[in-house]
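These protein sequence lines map, in sequence, to chains A and B.
Counting from 1, one number per residue, gives the positions in the first sequence under our numbering.
Counting from 1, one number per residue, gives the positions in the second sequence under our numbering.
Some hints here could point you the wrong way.
Claimed, not checked - Listed next, the in silico DSSO-like pairs over lysine-lysine satisfying Cα-Cα at most 27 Å (straight line):
1) K55(A) - K55(B)
2) K13(A) - K22(B)
3) K55(A) - K22(B)
4) K13(B) - K22(A)
The set of hints was computed from the structure by calculation and includes no laboratory data.
Protein chains: 2
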Amino acid sequence: MTAYTATVTVRLKHGVLDPEAKTTQRALDRLGFELSALRSADQYEIDLEAPSTGKAREQVTEMADRLLANPTIHDYEVQISER
Amino acid sequence: MTAYTATVTVRLKHGVLDPEAKTTQRALDRLGFELSALRSADQYEIDLEAPSTGKAREQVTEMADRLLANPTIHDYEVQISER
């Protein structure tokens, strides 16, 4: 078994309203910053052991499908690195 | 001016309690997944224009210092890429 750290980034799908991002962008505008867009995402860093990178990716993808992301509104991305 | 996308990842400092991560980890445990640790982070993707990568990084670092991160409890990391 090898120790891996998986990073799961969960983003809202294109077209899904993101009031938190809107509020943050407006606050930055008010502070005088000029930005064209701001998107927010949730990131999970998961330490786990698995026999291979492929198996680690499989497990973490299942975690994302079952709990971390809501397929109706979210897209997600999994990155695996050895710890 | 060049168009950049900056990614700001805001993490809780080591030792700061993270009840959201604890709850998520416990839920994954209950679903039968085996993981050694789970940390959560907030990520902001910011589209902006700047004369150089250095200037873009400077602006985004200031946004993080002034609004996106709370230096008492957060560490953050800025990545800049051309759009």
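Checked hints:
1. At most 27 Å may separate the alpha-carbon atoms for a hinted pair to count; K55(A) and K55(B) exceed this at roughly 41 Å.
2. Taken as a hint, the K13(A) and K22(B) pair is honoured in the structure, with Cα atoms around 26 Å apart against an allowance of 27 Å.
3. Of the supplied pair hints, the one linking K55(A) and K22(B) holds, its CA atoms being roughly 24 Å apart against a limit of 27 Å.
4. Only pairs whose Cα atoms come within 27 Å are accepted, and K13(B) paired with K22(A) is accepted, the gap being roughly 26 Å.
Going through the hint list in order, the structure does not satisfy hint 1, though it satisfies all others.
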